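Fit chain to chain and form the complex, with the hints in mind.
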Amino acid sequence: MLWYIGRRLLQVIPVFLGATLLLYAMVFALPGDPVAALGGERGLSAAVQEQIRSQYNLDKPFIVQYLLYLKGVVTLDFGMTFSHRPVIDIIAEAVPITFRLALMALVIEAIFGIGFGLVAGLRKGGVFDGTVLVLSLLVIAVPTFVLGFVMQFVVGVQLGWLPITAGRDPNFVSLLMPAMVLAATSLAYVLRLTRTSVAENISADYVRTARAKGLPRAQVTTRHVLRNSLIPVVTFLGADLGALMGGAIVTEGIFNIPGVGGTLFRAITTGENTLVVSLTTLLVLVYIVANLLVDLLYAALDPRIRYA
Amino acid sequence: MPENPMHPATPRPGQERYTAPADQAKLGAVDAVDTTEAPSSLWNEAWRDMRRRPLFWVSATIIVLVSLVAMFPGLFTSQGPRVCQLANSLGDPAPGHIFGFDRQGCDIYARTIYGARASVVVGVLTTLAVVILGTTVGAIAGYFGGWFDTVLSRLTDIFFAVPLVLAAIVIMSVLPERNTWTVAAVLASFGWTSIARITRGSVMSVKNNEFVTAARALGMSRGAILLRHVLPNSAAPIIVYATVALGTYIVAEATLTFLGIGLPPWLVSWGGDISMAQQSLRVRPEILFYPAGALALTVLGFIMLGDVVRDALDPKARKR
Numbered sequence: 001m002l003w004y005i006g007r008r009l010l011q012v013i014p015v016f017l018g019a020t021l022l023l024y025a026m027v028f029a030l031p032g033d034p035v036a037a038l039g040g041e042r043g044l045s046a047a048v049q050e051q052i053r054s055q056y057n058l059d060k061p062f063i064v065q066y067l068l069y070l071k072g073v074v075t076l077d078f079g080m081t082f083s084h085r086p087v088i089d090i091i092a093e094a095v096p097i098t099f100r101l102a103l104m105a106l107v108i109e110a111i112f113g114i115g116f117g118l119v120a121g122l123r124k125g126g127v128f129d130g131t132v133l134v135l136s137l138l139v140i141a142v143p144t145f146v147l148g149f150v151m152q153f154v155v156g157v158q159l160g161w162l163p164i165t166a167g168r169d170p171n172f173v174s175l176l177m178p179a180m181v182l183a184a185t186s187l188a189y190v191l192r193l194t195r196t197s198v199a200e201n202i203s204a205d206y207v208r209t210a211r212a213k214g215l216p217r218a219q220v221t222t223r224h225v226l227r228n229s230l231i232p233v234v235t236f237l238g239a240d241l242g243a244l245m246g247g248a249i250v251t252e253g254i255f256n257i258p259g260v261g262g263t264l265f266r267a268i269t270t271g272e273n274t275l276v277v278s279l280t281t282l283l284v285l286v287y288i289v290a291n292l293l294v295d296l297l298y299a300a301l302d303p304r305i306r307y308a
Numbered sequence: 001m002p003e004n005p006m007h008p009a010t011p012r013p014g015q016e017r018y019t020a021p022a023d024q025a026k027l028g029a030v031d032a033v034d035t036t037e038a039p040s041s042l043w044n045e046a047w048r049d050m051r052r053r054p055l056f057w058v059s060a061t062i063i064v065l066v067s068l069v070a071m072f073p074g075l076f077t078s079q080g081p082r083v084c085q086l087a088n089s090l091g092d093p094a095p096g097h098i099f100g101f102d103r104q105g106c107d108i109y110a111r112t113i114y115g116a117r118a119s120v121v122v123g124v125l126t127t128l129a130v131v132i133l134g135t136t137v138g139a140i141a142g143y144f145g146g147w148f149d150t151v152l153s154r155l156t157d158i159f160f161a162v163p164l165v166l167a168a169i170v171i172m173s174v175l176p177e178r179n180t181w182t183v184a185a186v187l188a189s190f191g192w193t194s195i196a197r198i199t200r201g202s203v204m205s206v207k208n209n210e211f212v213t214a215a216r217a218l219g220m221s222r223g224a225i226l227l228r229h230v231l232p233n234s235a236a237p238i239i240v241y242a243t244v245a246l247g248t249y250i251v252a253e254a255t256l257t258f259l260g261i262g263l264p265p266w267l268v269s270w271g272g273d274i275s276m277a278q279q280s281l282r283v284r285p286e287i288l289f290y291p292a293g294a295l296a297l298t299v300l301g302f303i304m305l306g307d308v309v310r311d312a313l314d315p316k317a318r319k320r
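Protein sequences, first through last, are from chains Y and E. For the first sequence, UniProt numbering assigns the number 308 to the last residue and increments by one with no breaks. For the second sequence, UniProt numbering assigns the number 320 to the last residue and increments by one with no breaks.
The set of hints was computed from the structure by calculation and includes no laboratory data. Fair warning: this is a prediction, and the values are worked out from it, not measured in the lab. We put the beta carbon where it would ideally sit given N, CA and C, even for glycine. The reader is advised that the hints may include incorrect statements.
[As the list claims (entries may be wrong)] Here are the in silico distance ranges between beta carbons for each label pair:
#, chain 1, residue 1, chain 2, residue 2, range
1, Y, Trp3, E, Ala185, 38 to 44 Å
2, Y, Met1, E, Ser67, 47 to 53 Å
3, E, Ser221, Y, Phe62, 40 to 46 Å
4, E, Asn44, Y, Arg266, 37 to 43 Å
[Claimed, not checked] Just so you have them, the derived chain E footprint on chain Y, three or more residues with Cβ under 8 Å:
#, region
5, 6-15
6, 128-141
7, 248-260
Looking at chain E on its own, in the form it has when it is part of the complex (with noise of 0.2 Å):
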């Protein structure tokens, strides 16, 4: 290196100086830092954490099968859920008939095989709903600000002001038709807020980093960067809300149906169920406990998912 004429250490012609000889010595913590592999995302690393947790798999085992039932009620009974008898009214446990009969004599494990249907349907419809009215709303009242910001958080903060169960029974009450899209076209008209709130922060916090700056720098349009940049950066919140949100809508869907004003009664689901179980409650109450039953564990599939995915995607937790 000293041979080099340019470099300072050099001296000039006459000039006398001393050279520390160059350190060859590696940078120990720079070195150690492997690049042959790309750094560990976010995703990847909370993907390495939930799979150690038994937490995780019941859940996700939970979901997978009940999506399943959902799917392909078919395969998990050979009984119609509206084939009833009312000779076997209030019917004990028969072979073939596990769970035995309701008051109107129909198989109880048929009908809560079937009823999953309605309560997934319903729970997804209203959440994919909700994330992209939410996610919308907030997205553009955070990364633009100004006129939008405060128009549409003043819109948000109107609805949040409507508490989603008493919004719900007031207007399915309404309603001419009841049916699964009308419960989760009300169910997402009033339940996008928090997610809204949730993106708006989120976008916020995320759209002065340093990447956004390069991105604009090196001329890419803001729709673009919103999309490209911003939003996958924000999606983390957005989607332990949402895992969460699933179980809580399938509960005021049944709720709503259960009160009269959701589901049609001539949809087999779980609330209805619960309902009409409530009448024979004295005599069966097993029956009220197989539909309430496979609603809990569906709720509580969706609502553990959320909780393991929020500790894993929380680097302060992960520490610990």
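So here's chain Y without its partners, still in its complex pose (with noise of 0.2 Å):
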């Protein structure tokens, strides 16, 4: 097991500087020149262009920018922004928000996923499985934006149940229906995914054998299926607390929730490339590690993986 986590740990390293490097290029890349725009109608003169260049590294060449702000992410100096703001308390202050909405959606997705997936799968064929099976169709086709705007519509305007948006420091209550929307794709995947699992389950042999030894109905269940079924949904739902960190710009927007989607739209669209890169590093390690520890659980969990 030490020597499989070793290899995993090591594979890690060249997939997160060959990723960082990806969105580096990418970001620096863009053709318009945000020093220039910084001053506004009247520019700014350029001695103070160059002043701000040399700060900011940007008149080195790429790679050497590239190098520098590697060292600047191991040593936590994410730099500052062009309003000399410094990085790493934008990024304290989002990802706490960011992060609380995630755990929320998650616990969402695994007590209603699992939950209907359960029942479904325990009755294959019936009616509840049916419905269940057509409505998680539905709710992948619908995208997050959209429902996300009936949501709004329907619970926040007409019925008045929870509030619109959340504003500044969300607390519980306001995040419910944004961690809701969010959940929402994953949990039909979460739903779909126990439901396979355990119609499959529920013919293998131990299950037969926990039966004909008279255990009460509820025990084999929970014990025996339920347990087994889920060693593939809980792969998904780890890996998926990466996804939904990221996934978040779309429904942090909707409603205006300050977390790290929604500041990393805002500093894509004013050119904040110190502030985008960061925050887009900080999701890709964040989905990195959240499939290392999946994969290690996994290998953990089934002996197989570890010697293939």
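What follows is the structure in structure tokens.
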């Protein structure tokens, strides 16, 4: 196991370097010149522009810029935005909010996805199963932003049950609707995954044995069927946490949540490249680490993977 | 038979031996196999299975209908999508304008019909590019192995580590020109990784089969074996993934257009119309419904088809 962990950790390093280099190149290859645009109509004098360029290392060759940036990431010094706010401060403000949102979405996914999936899988081919399957396809087919608007309009405006937008410093109640919207698509996937897995395991030999030796039905369902069916589901949920943090861009935009997604989108439109690169690096890092943890968890659960 | 002097059961001169009467009964199981017809292939059986599923016909109808609308929008409406009169702003449905008018006074039905093309074109272009790129990378990595595999797999990992929508938002906001081609290219350049991984796994499991060894023994070149024998037999999971992915690319395009960094505003598209309808949501929520409904129906068609095809190609699921 230790050898497997070591090998997987070593594999992460080139992937992280490659992905950040890719993003860095994309962001800084853009044609516009943010420094020249800083001064607005009148423009900055050449000397001031020169000074800003050297301060942000923009006068150095691309690869040197990237290496300097990488050094900053390792020492947790992400630099300053053009308006002289330390990027690390903005990150420290935005990350907890997005993390809370993603975590809430994950809990919603797990509870409803596994719950409905279990019931559907136990009675495969039944009325409930059919209804839930078609509904889950429908949820996957409706884009997140459409779902967000409909929820906002129906639950927020017409019924008035939940606040429409979150605003600064969102609490649990105001994050509830965004979390539901963010969770919807993945919930449908979790449901389908659980259903297939349960329906497969229910006809396994060990379940028949458990029934034959007289265990109560509920105990067989929870201890034998569900536990074994959850392995692929847990894998999906783990990898999804990373995707949720990144996929929150649209949801945070609709519900006006000052999280990573909203900050990132604003940074892109205003050309704050330092901030864009820092936030995307962060999101990619979360995604890679989440996938790594899932792989390790899977290897711990299933010894066949370790020796493959 | 015993008359044959070479037969082991034929006694030599001077040798006495009991010979059992030859069993003339046919071997039931062997003779029952009908050899006059070619054995039905995986695809034939899958097709026979799919034909019986109502879900297949529903999704096929949706896809055919949407494709027709995308190709010949003029057949379905006589109104132009860009004929807008502000006097009609937010107007109610009228004869010849069954869905009513949007904020700009454009006919919503005509815009919904004409919006299909953008979505379908981006979806199909992206899927084509992803399948070509993904299968090439995956097949080379899986079939040739060694150095190729190491380099290509790490490259796949790097692109896989960047979430699709995140990468698309960053690149699209940087690109100087935004049109159908660039949106498809950007989505494809980060969407190919899953197909590459699927192809690699599929090719690796197929290449050790006896028929591949037989083809090599017959002197076929490695490239020809890959194209003629290995790839066709690894195609099933790729087709299933590509069908579902087409739907998700349409959603991704609509998301980008909705954010204002996808298709340009002058192109009639569902994503753009949804974004416009957002402003009139509180006055006329049904304006949002039509383009969003058309989008969801199209995506549903492809996802459902992928689902049916997956079930039909999976022998384990078929038996039950």
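Evaluated hints:
1. Y:Trp3 / E:Ala185: 38 to 44 Å: holds, 41 Å
2. Y:Met1 / E:Ser67: 47 to 53 Å: Holds - the Cβ-Cβ distance for Met1 (chain Y) and Ser67 (chain E), about 52 Å, lies within 47 to 53 Å.
3. E:Ser221 / Y:Phe62: 40 to 46 Å: Hint holds: Cβ distance 42 Å, inside 40 to 46 Å.
4. E:Asn44 / Y:Arg266: 37 to 43 Å: violated, 55 Å
5. 6-15: holds (count 3)
6. 128-141: Coverage by chain E holds for the region 128-141 of chain Y (4 residues, Cβ < 8 Å).
7. 248-260: Our answer is that it holds, as 3 residues pass the Cβ test (under 8 Å) against chain E, meeting three.
Comparing the model with each numbered hint stated earlier shows that hint 4 is the single one that does not hold.
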